[in-house]
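Chemist: Model the full assembly from the supplied sequences, consistent with the hints where possible.
Under my numbering, the first residue of the sequence shown is numbered 1, with each subsequent residue one higher.
Check before you lean on any hint, since a few could be wrong.
Lysine-lysine pairs mimicking DSS-like chemistry, simulated, CA-CA at most 27 Å apart [said to hold, decoys possible]:
| # | residue 1 | residue 2 |
| --- | --- | --- |
| 1 | K85 | K52 |
| 2 | K54 | K39 |
| 3 | K54 | K41 |
| 4 | K85 | K54 |
| 5 | K52 | K41 |
| 6 | K41 | K85 |
| 7 | K53 | K39 |
| 8 | K85 | K39 |
| 9 | K53 | K85 |
| 10 | K39 | K52 |
| 11 | K53 | K41 |
Think of the hints as simulated: they come from the structure by calculation, not from any bench.
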Amino acid sequence: MINAIVINNTTATRATVIASRTQSNEMGVMKAMLIDTLKVKLANGIAHFIFKKKDGSYREAWGTTQNNIAKAKTNGRGVSREAYKTTAYFDVEVGEWRSFRWENLVQVF
Numbered sequence: 001m002i003n004a005i006v007i008n009n010t011t012a013t014r015a016t017v018i019a020s021r022t023q024s025n026e027m028g029v030m031k032a033m034l035i036d037t038l039k040v041k042l043a044n045g046i047a048h049f050i051f052k053k054k055d056g057s058y059r060e061a062w063g064t065t066q067n068n069i070a071k072a073k074t075n076g077r078g079v080s081r082e083a084y085k086t087t088a089y090f091d092v093e094v095g096e097w098r099s100f101r102w103e104n105l106v107q108v109f
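Modeler: What follows is the structure in structure tokens.
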């Protein structure tokens, strides 16, 4: 029996970047797929997730990318966080936009 995973081009790009940063192809694919799951949850409501911060501490976050929640803080200009190999989200606790590096996503609830 053959097991196959089908991913889109964006997910493949993320997997390549993460694999390069973590030195693990398996970690690259796993985290890229986890980011896909998170992005769906962010687009559909408030998502609960954990990521590792730059200083090494862990952040438990509740965020969204829904326009109706983050509209007042969205100007629609500038470069997408994807270009910096990060994922942006609107932190509903702080009321500000935040982002994290792809390889630092730990868990999505």
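Chemist: It remains to establish, for every hint, whether it holds in the given structure.
Modeler: Against the structure, the hints:
Straight-line distance between C-alpha atoms of K85 and K52 comes to about 15 Å, which keeps the hinted pair within the 27 Å bound. For the given pair, K54 sits about 21 Å from K39 by alpha-carbon distance, which is consistent with the 27 Å threshold. Simply put, K54 and K41 have alpha-carbon atoms about 23 Å apart, close enough for the 27 Å limit, and the pair holds. A threshold of 27 Å between alpha carbons decides the hint, and for K85 with K54 the separation of about 14 Å falls inside it, so the pair holds.
Between the alpha carbons of K52 and K41 the distance comes to roughly 19 Å, so the proposed pair stays at or under 27 Å and holds. For the hint linking K41 to K85, the alpha-carbon distance of about 19 Å falls within 27 Å, and the restraint holds. Between K53 and K39 the alpha-carbon distance is near 19 Å, which keeps this suggested pair within the 27 Å criterion. Annotation: proposed proximity of K85 to K39 holds, straight-line Cα distance about 14 Å (limit 27 Å).
With a CA separation close to 15 Å, the supplied pair K53 and K85 stays within the 27 Å bound. At most 27 Å may separate the alpha-carbon atoms for a hinted pair to count; K39 and K52 meet this at roughly 17 Å. Between K53 and K41, the direct Cα distance comes to roughly 21 Å. Compliance with the 27 Å bound is thereby established for this hinted pair.
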